[in-house]
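K.L.:
Dock chain B against chain A, hints included.
There are 2 protein chains.
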Amino acid sequence: MDERLQRQLAFSLEIDKEKNIERQTHLSGNGRRENDAEHAWHMAIMAYLLREYANEPVDIARTMLMCLIHDIVEIDAGDTYAYDADALATQKAREDAAKERIFSLLPEDQKAELTALFDEFEAFETPEACFAHAMDNLQPILLNNANDGGDWREHRVTARQVYGRQSQTKRGSERLFAVTRAIIEENIEKGNIQK
Amino acid sequence: MDERLQRQLAFSLEIDKEKNIERQTHLSGNGRRENDAEHAWHMAIMAYLLREYANEPVDIARTMLMCLIHDIVEIDAGDTYAYDADALATQKAREDAAKERIFSLLPEDQKAELTALFDEFEAFETPEACFAHAMDNLQPILLNNANDGGDWREHRVTARQVYGRQSQTKRGSERLFAVTRAIIEENIEKGNIQK
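The listed protein sequences derive, respectively, from chains A and B.
1 is the number of the first residue of the first sequence in our numbering; add one for each residue after it.
1 is the number of the first residue of the second sequence in our numbering; add one for each residue after it.
The set of hints was computed from the structure by calculation and includes no laboratory data.
Beta carbons: idealized from backbone N, C-alpha and C, even for Gly.
A couple of the hints might just be wrong.
To give an idea of the interface, some chain B residues facing chain A are shown, with a C-beta separation under 10 Å as derived from the structure [to be verified]: (1) Ile15; (2) Ala40; (3) Asp59; (4) Leu138.
Just chain A, with the same shape it has in the complex (with noise of 0.2 Å):
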C-alpha cells in the first residue's frame, strides 16, 4: 500500500475515538450523554435539511464536512462545556495541539485542507461557518428540550448564558433564532433556565 493511502487509512482509525468523547448534552429520551461523533452526525443532517433557512447561501458540501470534522481536536483536547469558563480558558491552547497532532496523520493537502476547513469553523465568519454553528447550537437545544430541559437544570444555568452562546445562532441563521428564542423563553418559563 502507498504511503498516501496509508495516512488516510491511519487518519479514519484515529478518528474512531472521536465516539468516546462524551459530551454533556443527553439524548432524547432521557438517555445517556451523547458523544461528539453522534453530535457532529446530527448536525450534518440537520445543515442539509435546514439549509433552505442560512442567512446567506452555503456551500453545503463544505458545511456538511465541517459539521462532521469541527470537534476532531477533542480526542486530544476533550470537550470543553458551553458553560464552563475555567475549561473555556484554555479551550484554544488544548485544541492547537490537537489539531497539529491528529491532522498531521493525514498526506499534506489534506491535513493543510483540513486544518483549513477546521480554522474556518472557529473563525466563525464565513456564511458555512456561520450556519454550522447554528447547528452546532439548535441540534443540543432541540435534544435538551425535548428532556425537559435537564441539562439545563443539572448545571443550573441562567437565562443570560444561555443566550451568550444560543444567540450567536443568529449570524447563522435569523429563522431558526427565532425557533431558538422561542426555546429559551418556554424554557426560562418552565423554570427550567435560572431568570
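P.N.:
Same frame as chain A, but now just chain B:
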C-alpha cells in the same frame, strides 16, 4: 412556526433515536459496540477523504448525505447483521415500513428526496451508491482489524461469508478492495476468519 419548519424539526428530533441502534462492530481499542449514527458519521468522513479511489467520479455531497442517512430506517427495523441469514430474509419488508414512517415526518419534497437517496443506496447502481457501499464495508473492517478480528471470531465468520459481502467493495473502488483483500487474507492467516 410554520408547518414546514415544524416537520423538519420533528424529523431532526426523531433521528436522534438512531444513536440507540447498536451494531455488531466494536470500536477500536476493544471498545463497546458502535451505533448506527457513529458508523454513518465515520463513513461520511471516509467517503470524503478517500473519494479519489472511487472507480468513477462521485458527487461528494450526495455520497456523504447517502452515508449519513443510509441507516435511518433501522430506528424502526433494527440493525441486521451482515451474516445473519434469518434476519436478512425479512430485512426489506421491515425497512420499507420504517422508511415510509420516518421520512413522512419531513415536508413532501424532502421526504421524496431522502427516500430517493435511500433507494439509490439500496439499488447499488450509481457511482455514489457503489462508493457509499464501499465505505459501509471498509469502515467496520478497519475497526475489526484493529481489534484483531474480534467480531469475526465472536461470530465464527468464514472467509466465504466475509468475501461474499466485502467483495462488493470492488463495485465502488477496486483500489480499496485491494486493501480489503489484504486485511481479509491476513485475518484468515491469523485464524480470526475461518477458512
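K.L.:
Which earlier hints turn out false for this structure, listed by number in ascending order?
P.N.:
Of the numbered hints, all hold.
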